[in-house]
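Protein chains: 2
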Amino acid sequence: MTIWQLSSMLLVVISSVSPHPHHLFEYDELSQYVDSHQEEYVQTLRDWVAVESDSSDVLRRPDCHRMMDMTAEKLQAMGGKVELVDIGVQELPDGKTVALPKVVTAQFGSDPSKKTVCVYGHVDVQPAKLEDGWATEPYNLTDINGNLYGRGASDNKAPVLAWIHTVEVYQALSIDLPVNVKFLIEGMEETGSNGLDAMIVAQKDTFFSDVDYIIISDCGWLSRRPALTYGTRGNCYFFAEVEGPKQDLHSGVYGGTVIEPMTDLIGILDTLISPSGKILIPGIREAVASLSDEEWKMYQDIEFDIESFKSKIGVSQLMYSNKVDLLAHRWRYPTVTIHGIEGAFSGPGSKTVIPAKVIAKFSIRQVPNMDPAVVKKQVTDYLCSVFAKRKSPNKLKVTMIIGAKPWLADTKHPLYEAGKAAVKRVFNVEPDLIREGGTIPIAKTFEDVTGKSIIMMPIGGFDDGLHSQNEKMSRYNYIEGTKLFAAYFYELSLLK
Amino acid sequence: MTIWQLSSMLLVVISSVSPHPHHLFEYDELSQYVDSHQEEYVQTLRDWVAVESDSSDVLRRPDCHRMMDMTAEKLQAMGGKVELVDIGVQELPDGKTVALPKVVTAQFGSDPSKKTVCVYGHVDVQPAKLEDGWATEPYNLTDINGNLYGRGASDNKAPVLAWIHTVEVYQALSIDLPVNVKFLIEGMEETGSNGLDAMIVAQKDTFFSDVDYIIISDCGWLSRRPALTYGTRGNCYFFAEVEGPKQDLHSGVYGGTVIEPMTDLIGILDTLISPSGKILIPGIREAVASLSDEEWKMYQDIEFDIESFKSKIGVSQLMYSNKVDLLAHRWRYPTVTIHGIEGAFSGPGSKTVIPAKVIAKFSIRQVPNMDPAVVKKQVTDYLCSVFAKRKSPNKLKVTMIIGAKPWLADTKHPLYEAGKAAVKRVFNVEPDLIREGGTIPIAKTFEDVTGKSIIMMPIGGFDDGLHSQNEKMSRYNYIEGTKLFAAYFYELSLLK
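Protein chains in written order, with the UniProt record's numbering: chain H, 1 to 496; chain L, 1 to 496.
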């Protein structure tokens with residue numbers, strides 16, 4: 001028996017007399033244990049990153065299934081009460097169906113005298129290929145100067161593992177978990193959490209019945225200062241398909257005789273947004289909640305260095321030159337991004353082809369008080385009317401394949417107060433209160449269906465490169481983040 | 001000794017007394033020999049198509065080299081005087097260099113009493129992948145109902161082989177070749193015949209010194225009626241690159257803060273051409289030679305069924321609804337095609353990325369009296385001025401990577417009269433006199449450098465699908481085309 005185990009036993013004994021007194025929280029032991037086991041945590045992350053769980057590519061679906069199995073096995077081995085929940089099938093554009101990755105739920109503890117938290121995370125990833133411009137193999141976690149490079153490292157495998165390791169640390173030190181802990185881990189987040197909404201609705205009165213709080217760590221800090229996140233933008237993701245000839249044509253032989261689908265597509269895409277970033281789709285801007293004076297003041301106070309932001313992404317000029325406009329357009333105004341075109345020539349070199357069918361992929365990040373169903377109609381009507389003016393014989397089909405809602409929390413809620421205390425304990429600073437430009441589609445669903453309070457507690461770095469080449473998670477954020485989670489369990493136990 | 005060989009000997013004996021009398025041309029023997037050896041010809045084509053000699057992809061360069069070696073070996077085995085001419089290296093965008101495929105030259109016969117023809121062709125191909133929508137493996141020649149499907153089958157491997165087989169047939173039947181035959185076969189045609197111009201200039205007074213006529217068969221018929229081609233469009237192929245952030249960004253995290261390169265690129269591409277096909281780049285339309293009454297009349301008489309053209313390519317409406325406008329815009333007016341965008345998301349599914357660097361590929365088919373150097377300046381100046389108006393901090397780079405000139409011949413030239421006679425003999429019809437919307441970049445160079453007369457004698461079908469999915473060569477065109485070439489050698493020998 002080591003001195004550590006002894007002290008843990010002591011804590012348990014004392015706890016049973018006076019539950020969770022503040023001064024008795026064994027933070028130092030937990031912290032030291034995390035430090036001394038960091039190589040194991042990095043190795044587990046390496047094992048998880050090695051699985052190419054790209055949920056957007058149905059050919060990778062077996063990897064997604066394997067990733068869910070690995071997650072379930074890990075939680076099972078820790079003694080959790082684990083389920084792999086079947087959430088049905090995904091319908092593909094060609095009418096075929098493919099099984100969705102099962103959702104993993106797990107439970108550690110069911111003490112009715114404790115609060116119950118549910119940690120949400122996902123273990124699917126965005127696509128990544130070495131030839132996209134990665135410096136390292138994207139599915140081989142590579143440590144360079146304390147940064148762990150790999151697809152999904154920060155989004156969202158390391159945060160999920162940090163929560164799992166937190167439970168392990170309490171277990172290893174035989175410290176009673178201050179709260180009952182549930183996990184809900186999915187494998188379709190990157191493509192819109194297909195099937196999860198229905199599963200949450202179905203388990204509203206079972207799995208979620210005793211949950212007090214939902215915690216999400218699928219985001220990142222704004223600077224080197226730790227942050228708590230109180231809002232996210234939604235995402236309406238569109239396919240605009242223009243179809244013309246029945247097959248690709250030689251541009252010499254046919255150029256000048258056919259109305260080219262690519263010209264039509266470029267023409268309608270060019271009407272979405274102005275050079276200065278103004279969204280041109282009627283009705284979109286009008287729906288946005290106006291910026292309050294209080295919010296303006298709050299943005300003024302946030303630690304955010306525009307120059308280092310510019311230098312990090314490597315641009316000489318941003319869309320807005322002052323902090324408030326920039327943060328506001330990042331967090332609480334909608335934006336349109338054209339991601340690319342499927343079906344056109346996209347390789348290196350030259351090809352003299354008239355593509356027969358081209359599909360633009362673009363998305364609109366949306367905010368309160370926009371509504372995805374309304375956005376879908378606004379975009380579809382607008383593009384159809386713009387297209388009609390071209391008098392093209394080609395066929396336009398507009399589809400909204402993702403319609404994820406924005407989410408906004410109250411920063412004065414006790415959940416956030418506990419979060420501030422945990423950050424203060426681990427990092428000895430006050431967290432920034434920030435919003436997230438990206439989308440955590442499930443936040444709004446959790447809120448609407450379960451009625452529970454939600455907090456987003458990020459541990460990812462501000463420069464982790466989510467969704468882009470060379471995504472990474474720093475060892476510092478991974479390890480200190482695990483300590484933050486350990487401290488947060490304790491702070492949550494103090495809530496009335 | 002067979003009766004065939006006997007008759008051939010007889011021909012040679014008589015020829016030496018009265019060279020090439022019309023009534024003694026052994027067309028029937030040649031024709032029967034071709035028919036009875038067609039399986040061999042198809043097998044050779046299969047062997048050639050199996051080589052993925054995609055000249056646009058430097059990773060395929062070894063296949064291009066192999067293709068040139070196979071061509072040289074074939075001609076060598078037939079007793080030709082063969083050379084593999086080193087034409088230097090290709091400079092890649094990153095500054096590296098890679099060897100160009102050597103040019104194969106060959107010579108059969110050097111009788112000063114005969115005309116000398118030079119057959120030009122190419123054995124490189126456009127890119128092709130099964131997943132582009134091919135019904136069969138593109139590099140495995142597949143015979144379906146008499147159509148031979150495979151990349152490069154029609155463009156240009158079968159026509160090159162048909163000329164080679166023509167020489168073989170004369171040899172096999174021991175019939176003296178009516179003309180001296182030279183071959184010039186290259187491996188960079190699909191990307192602009194890099195290095196060939198200089199080689200032609202260098203060999204002007206050697207290889208080309210005794211050449212009377214140059215024959216090109218790198219095109220196709222307009223309908224089921226055989227055709228002779230008297231003009232081609234040129235091609236100016238552009239890369240327009242817009243570069244912004246130093247790497248791809250998450251569209252949620254960064255959308256709204258950066259000026260996205262894709263939005264800029266779409267914006268400038270949309271200014272190239274109007275929905276009705278009008279080129280918007282100043283100066284382009286003004287340079288085009290006007291349509292003469294004689295030409296208008298000629299187009300009126302050409303066999304061309306708009307309805308079957310529409311149904312072949314599968315569109316309900318063309319850019320022009322009358323035959324003359326349609327043919328004129330196919331052959332003798334310029335057009336802009338946007339082929340695609342490199343660097344953006346192009347896969348199936350969804351990806352929420354802001355691409356950091358995107359490169360549009362577009363080309364302008366140009367015609368007399370446009371000049372590639374002028375077009376380059378017009379396009380670059382125009383796009384830069386359009387881009388400047390956007391006031392974007394991103395960087396635009398416009399490059400013209402191919403600048404191939406148009407070509408136009410005189411249909412009254414004896415070369416064409418001989419062609420008409422050969423078509424009449426084999427197919428028993430008058431050929432259509434047509435132009436080609438595509439580009440045979442080298443035609444203009446041959447004309448300018450060597451001063452020789454050129455004819456284009458296509459054997460490809462009107463529906464061969466050059467540069468697109470399911471390219472094919474029909475057995476009929478391949479085999480009857482070989483007979484046409486055999487007949488043409490004879491007709492050429494009658495020219496004064």
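One thing to keep in mind: the hints can contain errors.
One copy or two, either will do: identical chains are not told apart, so a pair holds if it fits within one copy or between any two.
To be verified - DSBU-like mimics (lysine-lysine), calculated; alpha carbons at most 35 Å apart, straight line:
{"#": "1", "residue 1": "96", "residue 2": "420"}
{"#": "2", "residue 1": "129", "residue 2": "310"}
{"#": "3", "residue 1": "246", "residue 2": "323"}
{"#": "4", "residue 1": "376", "residue 2": "115"}
{"#": "5", "residue 1": "444", "residue 2": "297"}
Think of the hints as simulated: they come from the structure by calculation, not from any bench. No experiment lies behind these values; they were computed from the predicted model shown.
Here is how each hint holds up against the structure:
For the homomeric pair residue 96 and residue 420, neither the shortest alpha-carbon distance inside one copy (48 Å) nor that between copies (55 Å) is at most 35 Å. For a Cα distance limit of 35 Å, the shortest separation of residue 129 from residue 310 inside one copy, 26 Å, qualifies, whereas the shortest one across copies, 40 Å, does not. Proximity of residue 246 and residue 323 under a CA criterion of 35 Å is satisfied inter-copy only: 21 Å between copies versus 50 Å inside one chain copy. For the homomeric pair residue 376 and residue 115, neither the shortest alpha-carbon distance inside one copy (40 Å) nor that between copies (70 Å) is at most 35 Å.
Proximity of residue 444 to residue 297 under the C-alpha cut-off of 35 Å is restricted to the intra-copy arrangement: shortest distance 26 Å within a copy versus 69 Å between copies.
Hint check: violations occur at hints 1 and 4; the rest are consistent with the structure.
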